[in-house]
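Respectively, the protein sequence lines represent chains A and B. The numbering used here numbers the first residue of the first sequence as 1 and each following residue consecutively. The numbering used here numbers the first residue of the second sequence as 1001 and each following residue consecutively.
A portion of the hints provided could be inaccurate.
Derived lysine-lysine pairs resembling BS3-like cross-links, with alpha carbons at most 25 Å apart [said to hold, decoys possible]:
1. Lys1785(B) / Lys248(A)
2. Lys41(A) / Lys1785(B)
3. Lys1786(B) / Lys248(A)
4. Lys1397(B) / Lys253(A)
5. Lys1778(B) / Lys41(A)
6. Lys1778(B) / Lys49(A)
7. Lys1778(B) / Lys248(A)
8. Lys1058(B) / Lys41(A)
It is worth saying that the hints were derived from the structure and are not from the lab.
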Amino acid sequence: MYAAEFDYVRASSIEEAISLKAENDDSSLLAGGHSLIPAMKLRLSTPQKLIDISGLDQLKKISKNGSHISIGSLCTHKQCAESEIIQSNCPALSDAASVIGDPHVRTKGTIGGALAHSDPQADYPGATLALNATFVAKGPSGERTIEVDDYFIGLWETALGEGELLTEIRIAINSMNANSCYVKFPQPASRYPYVGCGVSLSSNNGTCSDIRVGFSGVGEWAFRDSGVESTLKGQPLNDSTIASAADKAAEGKTVLNDHFVSEEYRRAMSKVYAKRAMMQLS
Amino acid sequence: MGKYIGESVLRKEDPRMVTGEAKYLDDIKIPGMLYAVVKRSDYAHAKIKNIDTSEATKMPGVLGVWTGKDFEDVNPMPCAWQAGGITNNANTPRVLEIDKVTFTGQGIAVVVAEDRNLAEDACSKINVEYEELPVVVSAEDAIKPGAPQLHENAPNNICMEWECGNEDGTDKALSNSDVVVKEQLVNQRLIPNSMEPRGAIAEYKSATEEFTVWLTSQAPHVHRLLATAFVFGIPETKMRVIAPHVGGGFGCKIFLYPEYCLVIALAKKIGRPIKWMETRSENFQATTHGRDHSTQIQVGASNDGTITSLKVNTVANLGGTLSTIAPGIPTTLYGRLLSGTYKFPNIYCGVKGVYTNTGMVDAYRGAGRPEATYVVERALDLVANKLGMDVVDVRKKNFIQKDQFPYTPADGITKGLEYDSGDYEKPLNKALEMFNYTQFREEQKKSRSEGKYLGVGFSTYIEACGVAPSAWVGVGGEGWGAGLWESANIRVHLTGKVVVTTGSSPHGQGTETTMAQIAADELGLPFDDVDVQYNDTLGTPFGYGTYGSRSAAVGGTAVFNAVQKVKQKALRIGAHMLEASADDVVYEDGKVSVKGSPDQAKTIQEIAGAAALGYSLPEGDEPFLDETAYFDPPNTTWPFGTHICVVEIEEETGSVKVKKYLAVDDVGNVVNPMVVDGQIHGGIAQGVAQALWESGEYNESGELMSGSLIDYAIPRTDCLPNLELDRTVTPSPTNPLGVKGVGETGTIASTPAVVNAVIDALAPFGVTNLNMPLTSQKIWNVIQKKGG
Ligand SMILES: Cc1cc2nc3c(=O)[nH]c(=O)nc-3n(C[C@H](O)[C@H](O)[C@H](O)COP(=O)(O)OP(=O)(O)OC[C@H]3O[C@@H](n4cnc5c(N)ncnc54)[C@H](O)[C@@H]3O)c2cc1C
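Chain A on its own, in the form it takes in the complex:
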């Protein structure tokens, strides 16, 4: 549990961070350090240089920005869990933030770090999929936005380009996002999710008019579950329609299977937790 040798530099602006990253081939951005440092200690990750962005205060704000909420990528899990803006406009995100790790992890770890790292077991991905989030990335060739549906593209892989800094997470302010939640079945040791399910749902006279469902922890990377969504959409919201929608959970998806948890069990739990999330919102 001792890292290989590395250099360390503190970035004083976003621009500086981007140019430092461009100048150093084998470098890593350091935010809260709660994924990167454990990986370095196990020597699974051996960057030559760490570019510390944790001092960039402009990325630590949560605000309402017209039609969306803007969350700076360096906001900690604690900030996200406790933010009233998040709680009232997109509770799925504060739900997810509040069940990450333990108080230490939540005080240091950042939303940007978690989403950039994109651990298949991380909590935010499922929630941001449900909330139809937009990610803002800045790189040597300027700023661009990435829709969440295009963001999680592989195991430990995102649409974020090498050399790009995730600066902001945007979530639209609308009644569907306001009616959202994230539920989690934690693994007893790590407390990362066996299954994490984020749902946002809108309804009209008791009928589901729209729904987005995102899963964390179930597959090799987070995914949106169109099977569940399409089964419930347009249906009256009741126990039996929710149960049949939940029954579609993870259908056709590759589901993780490891020494401790079988694929069969993860699939079954995906159904249970999808049902619980949808019940909570209906």
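Assemble the complex: chain A is given as a structure, and chain B with the ligand must be docked to it using the hints.
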């Protein structure tokens, strides 16, 4: 009771710990100190063909890289508890393995460098060429014909065979029983995970040929004895062993580990002080594990619930090599406890200790007794289940009655030890007063109809603490290679301030406080006038250390007895000062006074001053009041009690929630209720964790799958309900304090209570047994199979 004994006196240890002033091994830095990092085997079973250290040796800051061949002159670690007739097949580790490894994580080379990071970097540059051998990780597989063989001197991988009781009698009784229940019970491997991992620092002075060694140790005197006399062949006077503050052990820091001796050897080779401190990952692989039994039981009973016979055959996994006292755990500390609190008329236990390609297994909190209690308390439930009887009724029916003490369990299974005292219904009845059992059973029925699955489990356990009478446990008895008495020395300074030094070696238990309570009360001194010192072979009398719930019952009694000697001397000197005859004075409240004239008195401080100065002493007396006592217990102590656990199972997920946990323990007289409750709390948490979460698991190629806290689930506070504790007090007749021992109670008692509760909750699914840990997935699987 006295002014302090029986009170929740705040712990002397705590201010140091909560302010961070306490120094643990890794806080110690000695000028010129080097750092050692051990290269560990990547394979569970392999021949070492070649170790290429050339690149590592050239790295900056590296003083050298050594392999096992460089230490061929250092003896292997000793096996100090040769139970089961082990003679020439005790395969113990060497400081570094030479030709062959038998589990993943064994040390095969070492780098010494100017700092830890450099040593780690260099260690990653050592290239090892292995020839892989077939691997076996389960003990049951290891004894099957055709299994990979680990050691030439242990055919079929059997290290030892041990038995107790009467096999023929038990077989006969089984065949004459109305019912017989057979079951396989697995007591899975656990990984202790003390908060502080292991470490060692050694310094060698060539002029005097003396070593000073700092170890994470529960038993510094034992470590010194084993290292000097058995490994290095030097006088024990040439080594001082210091255990600084030790961050927990749960047994795993009793043993003499190869890395400890490696650092000692290197300090002499290099001539500079050297530190080695393991990482958590190394701790998972290379520190000893606990439990790992696979057991076939057969219980015979009459139709009225009377148990007639218990037959137990256990295969105990000891790992790739033997740790210091490994053979004693699944034998003496297990088989001899198999009568529990019950008058089973026929008992037999046969044990095979087996080598496998896994980490070493040795004592872990409870050590053998949790495994025995698990067998007995599960057996009671299995019988009740078979006969359709209530689990409490079956327990009461089979209890040893309070007028049967002293009681000797059947078939000589305790080899002469008797249960000296007990009243097993008392804590059970008290627990039933705290828990409305009848009402619970009604609620359970009702909640089942609503799809909720509640269950209750009982454990009416016994344990043997305060180990142990030396002659009984020793070489001519159970094979422990030493004694198990304990020592205490009392120094009374000129001012009347007292220093107690003890051979016990507290590392979190609060013994520094409880021993001060004992000495202060007996001497009539303020608590703060008593200082308790320990954990350093320089300045403490030889002692066996802290484990086996022995530090109050054996170490505390040594303190009590040493104080009595001090008081005798104070009486003589006090009488002399009062110009009275020694028969005419009494010692009370810290004063010696003339019988009937309390005004004619000398305080202990005045007497201590006179004794220290020595101007005028009674004829034949020497200066100072200092005394030493050694206490060899005539018997172990026998705590008992009742634990009740209530669980709720979520049908959809199989998750278990512990809803209620209550424990009524009888640990004899209680020196400090806060300390006792703290021990029980922690023990219950570990015991519940075995039932539900923890499991040390290897895959087929011998890789430790639960090799970090990401996969090995130790409990957290939010996993448990508020623990409701109470007690009954049956003083132990074995020692003058009437104390028994409490360090292991929680882990010994709790595990079967939880498992019994889960099985009870799953009764509607026809479940009668499930092996631990009872994970949500496992429970969900049986619910699916049996049709929810
Ligand atoms: C004990 C423990 C328990 C945990 N439990 C959970 C849990 O239950 N659920 C869960 O979801 N997570 C859990 N985590 C992970 C935690 O949430 C991490 O904090 C998070 O995944 C990473 O955020 P960070 O700010 O610490 O990132 P860092 O560790 O600093 O960085 C992670 C990676 O992201 C990159 N990066 C960081 N910020 C940016 C950025 N702005 N732009 C581009 N790249 C960036 C870094 O270069 C690095 O590659 C746990 C971690 C620990 C140590």
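Going down the list of hints, with the structure as the test:
| no. | hint | in the structure |
| --- | --- | --- |
| 1 | Lys1785(B) / Lys248(A) | holds, 22 Å |
| 2 | Lys41(A) / Lys1785(B) | violated, 43 Å |
| 3 | Lys1786(B) / Lys248(A) | holds, 24 Å |
| 4 | Lys1397(B) / Lys253(A) | violated, 56 Å |
| 5 | Lys1778(B) / Lys41(A) | violated, 33 Å |
| 6 | Lys1778(B) / Lys49(A) | violated, 45 Å |
| 7 | Lys1778(B) / Lys248(A) | holds, 23 Å |
| 8 | Lys1058(B) / Lys41(A) | holds, 23 Å |
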